[in-house]
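Here is what each chain is made of, one letter per residue.
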Amino acid sequence: MVLLQTGEESAMKSKNRNVRAVAASVAFSLIGATSLGISNASLAIAADCSTIKLATVGDPYEYSLKEVLPDFTAQTGIKVVEENLSYDALQARLSAAFVSKAPDFDVTTTDAMWIGQYYDNGWIDSLNTYAKASAKDPELNLKDFLPSVLHSISTWRGNLVGLPVAPYAQGVMYRDDVFKKLGIAAPPTTSGDSWSWDKYVATAQKINGKVVNGKKMFGTVIVGQQPVPIVHMYTQLAASKGAMWFKQFPTGTWDFTPTMNSAANQSAAKAYVSLYKAAPKESINYNWFAAGMRFAKGDIGMMYWWSPYFYLVQNNDYMSGKPSSIVGNYKIAALPKEPGVAQTTSIGGWQLTLPSTSACKDNAWKLIKWAASSATQKKMALVTKYGTQFSDFGRKSNLEDPALVKIYPYLPQLEKMLASGNGKNVRPPMPLYPALEGVYGLQLNKILGGADIKKTLADTNSIFSNLLGGNFYMPYKGKSYDDTFANTTALIDSLSQ
Amino acid sequence: MVMVRDRRKFKITKISLYFSLTLITAIFLLPIIMTMLLAFRPTDTNFILPPHLFFKPTLDAARNTILNWGQNGHQILSSLIISTMASFLNLPISFLAAYGLSRYKFKAKNQIMMWYLSLLMAPSVVFVIPYFVLFSKLHIRGSFISLIIVLQTITVPFSIWLMKSFLDEIPVELEEAAKIDGANLFQLIYKITLPLCAPGVIVTSMFSFVFAWNNVTFPLTLSNSGTSTIPIGTLGYFTTSGANWNNIGMTAASAIIPPMFIFLILDRFVVRGLTFGAIKG
Amino acid sequence: MITKKRTPWLFMAPSMLLLLGLVVYPLYFAWKNAFYYWNLTTSPKPLQFIGLENFKNVFKLTPFKASFVNTIALSFSGIFIEFFIGFTIALILSRDYLKTRLFRAIIILPTTIAPVVVGFLFLYLYFPNGGAFDWLLKIIKFPVPAEGLLGSSKTALPSIVFADIWQWTPFFAIVLYAAIISVPIDLLEASEVDGASFFQQIRNIYIPVIKPVASVIVMLQFMRLFNTFDLVYVLTKGGPQTSTRTLSYSLYVEGLNNYNIGLASAFTIVMITIVNVIIGIYVFIFLRKREW
Chain A
1 MVLLQTGEES AMKSKNRNVR AVAASVAFSL IGATSLGISN ASLAIAADCS
51 TIKLATVGDP YEYSLKEVLP DFTAQTGIKV VEENLSYDAL QARLSAAFVS
101 KAPDFDVTTT DAMWIGQYYD NGWIDSLNTY AKASAKDPEL NLKDFLPSVL
151 HSISTWRGNL VGLPVAPYAQ GVMYRDDVFK KLGIAAPPTT SGDSWSWDKY
201 VATAQKINGK VVNGKKMFGT VIVGQQPVPI VHMYTQLAAS KGAMWFKQFP
251 TGTWDFTPTM NSAANQSAAK AYVSLYKAAP KESINYNWFA AGMRFAKGDI
301 GMMYWWSPYF YLVQNNDYMS GKPSSIVGNY KIAALPKEPG VAQTTSIGGW
351 QLTLPSTSAC KDNAWKLIKW AASSATQKKM ALVTKYGTQF SDFGRKSNLE
401 DPALVKIYPY LPQLEKMLAS GNGKNVRPPM PLYPALEGVY GLQLNKILGG
451 ADIKKTLADT NSIFSNLLGG NFYMPYKGKS YDDTFANTTA LIDSLSQ
Chain B
1001 MVMVRDRRKF KITKISLYFS LTLITAIFLL PIIMTMLLAF RPTDTNFILP
1051 PHLFFKPTLD AARNTILNWG QNGHQILSSL IISTMASFLN LPISFLAAYG
1101 LSRYKFKAKN QIMMWYLSLL MAPSVVFVIP YFVLFSKLHI RGSFISLIIV
1151 LQTITVPFSI WLMKSFLDEI PVELEEAAKI DGANLFQLIY KITLPLCAPG
1201 VIVTSMFSFV FAWNNVTFPL TLSNSGTSTI PIGTLGYFTT SGANWNNIGM
1251 TAASAIIPPM FIFLILDRFV VRGLTFGAIK G
Chain C
2001 MITKKRTPWL FMAPSMLLLL GLVVYPLYFA WKNAFYYWNL TTSPKPLQFI
2051 GLENFKNVFK LTPFKASFVN TIALSFSGIF IEFFIGFTIA LILSRDYLKT
2101 RLFRAIIILP TTIAPVVVGF LFLYLYFPNG GAFDWLLKII KFPVPAEGLL
2151 GSSKTALPSI VFADIWQWTP FFAIVLYAAI ISVPIDLLEA SEVDGASFFQ
2201 QIRNIYIPVI KPVASVIVML QFMRLFNTFD LVYVLTKGGP QTSTRTLSYS
2251 LYVEGLNNYN IGLASAFTIV MITIVNVIIG IYVFIFLRKR EW
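Chains as they are written, first to last, in this note's numbering: chain A, 1 to 497; chain B, 1001 to 1281; chain C, 2001 to 2292.
The set of hints was computed from the structure by calculation and includes no laboratory data. Do not take every clue at face value.
Here are the simulated DSSO-like pairs of lysine-lysine, each with C-alpha atoms no more than 30 Å apart in a straight line [as the list claims (entries may be wrong)]: (1) B:Lys1137 / C:Lys2032; (2) C:Lys2289 / A:Lys247; (3) C:Lys2065 / B:Lys1137; (4) A:Lys270 / C:Lys2032; (5) A:Lys270 / A:Lys180; (6) C:Lys2237 / A:Lys297; (7) A:Lys132 / A:Lys210; (8) A:Lys270 / A:Lys281; (9) A:Lys210 / A:Lys199; (10) A:Lys455 / C:Lys2056; (11) A:Lys281 / C:Lys2065.
Computed Cβ-Cβ distance ranges for the label pairs, DEER-style [to be verified]: (12) C:Phe2049 / B:Pro1195: 54 to 60 Å; (13) C:Pro2158 / A:Gly321: 21 to 27 Å; (14) B:Leu1264 / C:Leu2136: 25 to 31 Å; (15) A:Ala202 / C:Leu2136: 38 to 44 Å; (16) C:Phe2049 / B:Gln1111: 34 to 40 Å; (17) C:Ile2272 / B:Ile1180: 27 to 33 Å; (18) A:Ala486 / C:Lys2060: 40 to 46 Å; (19) C:Phe2076 / A:Asp48: 55 to 61 Å; (20) A:Glu83 / C:Pro2158: 33 to 39 Å; (21) C:Gln2200 / B:Gly1182: 55 to 61 Å; (22) A:Glu82 / C:Leu2136: 20 to 26 Å; (23) C:Leu2027 / B:Ser1020: 46 to 52 Å.
Chain C stretches covered by chain B per the calculated footprint, using a threshold of three residues with CB under 8 Å from any CB of chain B [unchecked claim]: (24) 2090 to 2104; (25) 2109 to 2117; (26) 2129 to 2140; (27) 2174 to 2187; (28) 2229 to 2238; (29) 2256 to 2267.
Glycine is no exception: its CB is placed at the ideal position from the N, C-alpha and C atoms.
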């Protein structure tokens, strides 16, 4: 049976169909053309370099840098489009962009441990020529930086690879009101053999479970989250006890034979487990912020952690702008030390680096230099949108500035912590670090969950060996660089002529 | 039908069943409502227990997310572009295949149908890694066109199954009669089959739109900041320093509403759509 | 039904070519690179031939065993619970003395949401000391772990399964409802006259009726559960430790977090083999006599 239609009806119907068909095809062609045409950012970035792209991470410096960025545009005429990402999002984004050689940002925020990977793979440029050209520029003033800061986070293979915009050290925060109430002696402000890790653990255990001012206290709080955050806290303890990742790095001829199951590391793992036992159970899943801000909640006796928390815990929650209950009741103390072992303070934090795929390197350098300058860092510290919100200085001029010491009275202590630090020994920035860190974090978290320390660390060692061997780092036949403090100082001198 | 033995017992049964249904529906509806409410809550009411149903709504989250072009506004457009193109581009290809499978009988038909179906049951991650490498090499990673092409692995098999089930409903006799009248294959399809299965085509494209819209595995790894989709936008507010729940709620609501709306329109075809046409409903 | 030789293939050619192209490339890529060491962060090309080393490492270096166990547990428990509850709901919905149109329209809504968004929904509800679900569980004195539902390795995987159950039980309910209402009323009435109890009705009438439908949707949903990635990515990222790692998630970590392409390729091959075996077994048992 064939459908019969009158001639008129079918003519009308086919006319309507034609109109609809044409309309549909036009619409779809437009969408199709759009999709073919738009292959990158829908945010129109000028083809010239009058606008540059900056990648930042949600650490405290970003909250202050954001407020003062307009000054950069006013000063240079260069507009900055900032994209703020979380830690893992930043790392993923940068890796993806670098791996696919797709130009993404003009200035990137880089963590201290990524510089080996980024530089050796050609993902970021050396800043040596830029620094040399700006040697007389007061905005740069490399010698104003604490050499230990540049040594720990911004130099690689004799190159300056970034300028610190928020370097961190690690120190102890403790509730002096709780200590007084419980009759515990206050920890010293400088590292000494009497303030040992054993004493630190014992103090935490002493406080744990006691009720002070109606609140049940935990001795301490730790960072337990895998795969990355736990490594950042744990390695401070491990390094302070003398545990090293490899046989020989970063000085001398490099030998990446892993030493994860050393006696020192086992001792550190035992201590970390003891600390976890004196901490809230949920801290096994705490990342950097969760642990640090838990101290601000008021039920933690003491903790050791990155220096930004010295001011962050003034707020009741991360960047909340509302004062916490512990304002005025906590003090800063030195990191515990292992008797007989030279102290190693972890230095970390953030710096601005120059991706090799950027098309606007000159303007990028201008932003890097400006953001890390003494004047800008001071401006950042004076932003009070969220109360006290930035004191992560690496420059002597900022750390010793009386106006800033007034706001952040612990700055002299912080300067001492930074001056004695060596980030490269704590978290070696060799190119395979990100991969190794992920494995390490998983294993450490297992230990917190009850796994046998000796066996797990031995497993870590064999997994490390596997990874290092497969990537031609074991045995290491590449070029080593004798990354000593002296060589860094010489580099800084040569760049400041 | 229940034999009415006892009128009162029957009424009690009815009431208790309605009660159960209401409870069940509430279980499936409440989480959605709570998330939508998140979009307009003032931040300090996010986690108050018991949850506050009444509060002074604020547009802050909307302003920070979807009303901000640079933040999530452009993601809604990206989602629209990708989902529309992905679902429409596959139609001619899928229609042809569906027609062949519906109208013809041949030995390998079952195997072929199962092969298409198995593609839908493959883990998407398996596709993502090779395409990440390939598209990076070709410098098209992050482009709309690359995402639309990869999404065809989902939309084509799905559309073939669904459209075949619609085509199966159109009596072959109509086409055979037209053939007797002298129409060739092309005219046959164009003049008879296509108009009759137009509703089916529309339904298929709307369902594949939803599946493309909800897909996260491909945009997560193969899009860049300019072409990311709105479900990806939800992820951006869950950071290591804490989550901005209101922004998550707002972007989530934007990601939820279009598919929900489409499903409500296509209510009649829901069973067929969700089972890729395998079950007529 | 027209029986011809060549024409059907012409019709299917465009789709088959396109899909073959899209599907063959990943397979070819996986087979080519599974035998080489290749890490994208250190080199843009595969490095050295290492034979079966990658395959060994799939089982040695990645949490394969845990991922596999978790995936199986998640798939089976999810499927059983979703089917059972869905079938019960379908039975209620199909009572012809109830008006269920509105209920049916609302119940299906969870399945329309992107799995990632469902993840956030539950992240909000599971939030320790603030989420509504965490609160409800505490009210009924359920032992919620101090680290939160998603923070303890005992409750993390069940919490993920629960989120999936919430989203997909309505699917079973609606589809099985459609099958159930196709049962002719006379058949049911006749069985009642014969004195059949409700459970006897279920066994002898409903179950046979839904068998063809059920066999298809159970396969589809089982595979969907087996491939779970989105929920894990949002809710737990595979943690705590490896208690919520699924096969898809572990593959993602190796390939796109660690950029270890060689290892990921070997993992891909292993996973595809497993998936094919499962689908093959299922189709053979339940669907081989089916005519589509």
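Query raised in the report: Which hints, by number, does the structure contradict?
Result: 2, 3, 4, 7, 13, 17, 22
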